[in-house]
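2 protein chains.
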Amino acid sequence: MAKMNEQPQEDLLAQYGERMLHTLEWLAAFGADPKGGVTRLLYTEPWLQAQLALIDSMQSMGLKADFDEIGNVFGKLQGSDSTLKPVLTGSHIDTVKNGGKYDGAYGVIASMMALGYLKAMYGTPKRTLEMVSFCEEEGSRFPLAYWGSGHVSGVLSMVDGAHLADPEGVTLLEAMAQAGFETSLAVPHPAKRTDIGAYLEIHIEQGSVLEVKNKQIGVVTAIVGQIRMTVVVTGTPNHAGTTPMTMRRDALAAVAEMVALTEQMALAEGEPMVATVGRLEVKRGTSNVVPGEVEFTLDIRHTDERKIEAFRAELIGKFKKIAVRRDLHIATVERLNTLPVAMDGGISLEIETACDFYGYTHMRMPSGAGHDAQLFGPICPSAMIFVPSQAGISHSPEEFTKPEALIVGFQTLVHVLYQYGYGGKADENL
Amino acid sequence: MAKMNEQPQEDLLAQYGERMLHTLEWLAAFGADPKGGVTRLLYTEPWLQAQLALIDSMQSMGLKADFDEIGNVFGKLQGSDSTLKPVLTGSHIDTVKNGGKYDGAYGVIASMMALGYLKAMYGTPKRTLEMVSFCEEEGSRFPLAYWGSGHVSGVLSMVDGAHLADPEGVTLLEAMAQAGFETSLAVPHPAKRTDIGAYLEIHIEQGSVLEVKNKQIGVVTAIVGQIRMTVVVTGTPNHAGTTPMTMRRDALAAVAEMVALTEQMALAEGEPMVATVGRLEVKRGTSNVVPGEVEFTLDIRHTDERKIEAFRAELIGKFKKIAVRRDLHIATVERLNTLPVAMDGGISLEIETACDFYGYTHMRMPSGAGHDAQLFGPICPSAMIFVPSQAGISHSPEEFTKPEALIVGFQTLVHVLYQYGYGGKADENL
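Just so you know, the sequences run in chain order A and B.
Count the first sequence with UniProt numbering and you get residues 1 to 430, in order.
Count the second sequence with UniProt numbering and you get residues 1 to 430, in order.
Calculated directly from the structure, the hints in this document are not laboratory data.
Note that the coordinates shown come from a computational prediction; the quantities given were computed from them, not determined experimentally.
Heads up, a few of these hints could be off.
[Unchecked claim] Incomplete in silico selection of chain B near chain A, CB under 10 Å:
{"hint": "1", "residue": "W26"}
{"hint": "2", "residue": "D81"}
{"hint": "3", "residue": "T83"}
{"hint": "4", "residue": "T246"}
{"hint": "5", "residue": "E257"}
{"hint": "6", "residue": "N288"}
{"hint": "7", "residue": "H395"}
{"hint": "8", "residue": "P397"}
[Claimed, not checked] Lysine-lysine pairs mimicking DSS-like chemistry, simulated, CA-CA at most 25 Å apart:
{"hint": "9", "chain 1": "A", "residue 1": "K283", "chain 2": "B", "residue 2": "K35"}
{"hint": "10", "chain 1": "A", "residue 1": "K213", "chain 2": "A", "residue 2": "K64"}
{"hint": "11", "chain 1": "B", "residue 1": "K213", "chain 2": "B", "residue 2": "K85"}
{"hint": "12", "chain 1": "B", "residue 1": "K85", "chain 2": "A", "residue 2": "K283"}
{"hint": "13", "chain 1": "B", "residue 1": "K321", "chain 2": "A", "residue 2": "K35"}
{"hint": "14", "chain 1": "A", "residue 1": "K35", "chain 2": "A", "residue 2": "K85"}
{"hint": "15", "chain 1": "B", "residue 1": "K76", "chain 2": "B", "residue 2": "K97"}
{"hint": "16", "chain 1": "B", "residue 1": "K307", "chain 2": "B", "residue 2": "K283"}
{"hint": "17", "chain 1": "B", "residue 1": "K76", "chain 2": "B", "residue 2": "K35"}
{"hint": "18", "chain 1": "B", "residue 1": "K126", "chain 2": "B", "residue 2": "K76"}
{"hint": "19", "chain 1": "A", "residue 1": "K283", "chain 2": "B", "residue 2": "K97"}
{"hint": "20", "chain 1": "A", "residue 1": "K213", "chain 2": "A", "residue 2": "K119"}
{"hint": "21", "chain 1": "B", "residue 1": "K402", "chain 2": "B", "residue 2": "K320"}
{"hint": "22", "chain 1": "A", "residue 1": "K283", "chain 2": "A", "residue 2": "K307"}
{"hint": "23", "chain 1": "A", "residue 1": "K97", "chain 2": "B", "residue 2": "K85"}
Yeah, the Cβ is synthetic: ideal placement off N, Cα and C, and Gly gets one too.
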């Protein structure tokens, strides 16, 4: 068996890198939009064809591949020592509507080609290496994100989602049955995986930090926790001509103060704090009427749960003071509250070692977006590798990462998986 | 002939006041909404029936009444001295969609009852007194406000509006023909009135200044000029989680500064300056996306044209600095620019004298809303009398003025018309 630093592997690794690029384009044909994007929604025909084709590809590379009962596809490279817990690597197959070719798909294809290369180059590993193409992460068809990884990690079960409907009124259970998956609500699902030793996911950054900082690899320290709220401020709609400035109860003027304050406080707090007002609606807004009601969203993210709570408490407290000073009513509703998930320091160190081995530049960074890895973080050591996104664009047909950058990520992933399957970490139980 | 300060008139004046209140309710039945408001759009059936019924009422009170060629209704109380230019009093018959019972209607009915009372009480005046029920002021059916008074004053002609269409695609010309009015574009309209000596309009305030200041009558000093603009600020839409605060080009955060600045500068300028951001739209706004484009309206009003221009120049200059500092693009489009119109000092003094005669409290104030009087201001001495609007509410079924307050305005109007038709001002040419 050859070692990673010997010569012949370089050619084969380069070949698998090329195959990885081609396979990524091949996958993008499933659900390809004539206008350029990709739409592969959970349990639809393009989605099903893509998962079936992936099973074929995995099998042709010598992996033992099949669906689980909800439509996740696992591909296993069986190790020789069954006392070692397997390392799972992968991402998700579904896309947003009119999304890009890379979000999720890159992690699935890179994982498949990594296992294919390792088997071809080094044969049977000591530790089982396994890949997964999760059925769903985006929540684009049903209002339920992380269905695939949530099911595997045991965070979500059929009870959570069975009766949720898509925009056409089809329930998750009906959609599953139409795609050939049968799951009884009465039977606790059997396939919850409790045997996984570690989870590793490679993904495009979906932001522009790596590009701006000119780094090839991002090593994710934590996936941020997030609070989403809706805020409604109510004053009095008045005639814009006949109401003197001092007699107004202008909801928008108050909200302008709140939006400005949100930005100022997030800037003052410093990275990785981000706070965003993304949607703002002036109810019955007309150019000649003083706004009587404004609704807006607030999105607060940080890697430290306490920072999120402290920021929210201070901000909402200041919002209320603004409302009181202006004699307005304010109401807030929490829409989402997820905890930050720390990535594993040991695996992250292996990622940095791999980068240094190849001479790739790298940096530690939080993930501001959610990923399947956050479902595994609480149950096993988990880690993420980021590659740059051009101009930070994602969830768009314009989503793009340069082929060279995709190869850099692929080689880094291969090196880490080698360590856990065959190399210095292959004997270590997780 | 009795004099105003003799006894018997008081009873008759009170009777006409009561009739005025009943007639106002009677008029509200034309186009009454089952839910409580009134909808009387230009050239619709309820509008036509209301104007026809008004002609009947005017004639029954001894006025010479008829349509002009576009649907304004004039009612004339002929004076004995034809060398004196007539005083015209009135307002408009149309409403906004689901509007109130008072806006426009009060001025029409109060004028009719005032002339009816003066004829009954004092007979033929020396100066001709004339009333008008303008066909349209609101611009609610066609995108053309002041069609009635604009036609009479010569500011608007058929050429301006003939091909404008309502939301159903019916043009102004077609709607006129359907209502029985025929006007040829080829022939300059013959009825432009150049003989009017003065214009007087009584109207609800549509604001809450009189109520807050506890005054019965507002004597309008000027109708404000107005600039309406649309401002578009463009940045970059980015992921709210993956884009650090320092890497954002957030259009909404910039606009929040602009909205706050608009309010601050208008407050600092002091009355009668008002500046309003009434409509604000975050394009493709989503809770987890940093806003890339925001459009908002800006409405600036003042009685001094130079103040409006200076304010606009300073404000837009500061908007541009905000955009430059944040590396954003900003574009502004002017949608409307009307000049302030000063009301006549002499007639306003007569209004104050009338108030003092009856012991009514009064104050001078600008009109922040537009009125038919602003079309006459530039061509003849014009004045306006305001009565309080409950809570400042207008353009709504909840529009309300107390009957006592309507009577106060009516008596003030009667007194001023008496002076110009029979009293101290009846000999004075205008």
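Are the Cα atoms of B:K321 and A:K35 separated by 25 Å or less? 38 Å, violated
Pair hint B:K76 and B:K97, alpha-carbon separation not exceeding 25 Å: 30 Å, violated
Please verify whether A:K283 and B:K97 have alpha carbons no more than 25 Å apart. 18 Å, holds
Hint check: B:K307 vs B:K283, CA-CA at most 25 Å. Holds or violated? 32 Å, violated
Within 25 Å, alpha carbon to alpha carbon, are B:K213 and B:K85? Given that 25 Å is the threshold and the Cα spacing comes to 36 Å, the pair is violated.
Can the restraint linking B:K76 and B:K35 be considered satisfied, given a maximum Cα separation of 25 Å? 36 Å, violated
Restraint satisfaction for B:E257 [CB to CB of chain A, less than 10 Å]: 6 Å, holds
Does B:H395 pass the interface hint, meaning its C-beta sits closer than 10 Å to a C-beta of chain A? The hint holds - B:H395 has a Cβ within 10 Å of chain A, the shortest such distance being about 8 Å.
Pair hint outcome, B:K126 versus B:K76 [Cα-Cα no greater than 25 Å]: 13 Å, holds
Let me know if the C-beta of B:T246 comes in closer than 10 Å to any C-beta of chain A, holds or violated. Hint holds; B:T246 Cβ to chain A Cβ min 7 Å, cut 10 Å.
If you draw a straight line from the CA of A:K283 to the CA of B:K35, is it 25 Å or shorter? 21 Å, holds
Close enough to count: is the Cβ of B:N288 nearer than 10 Å to one in chain A? 6 Å, holds
When held up to the earlier numbered hints, the structure conflicts with 1, 2, 3, 8, 10, 11, 12, 13, 14, 15, 16, 17, 20, 21, 22 and 23 and fits the remainder.
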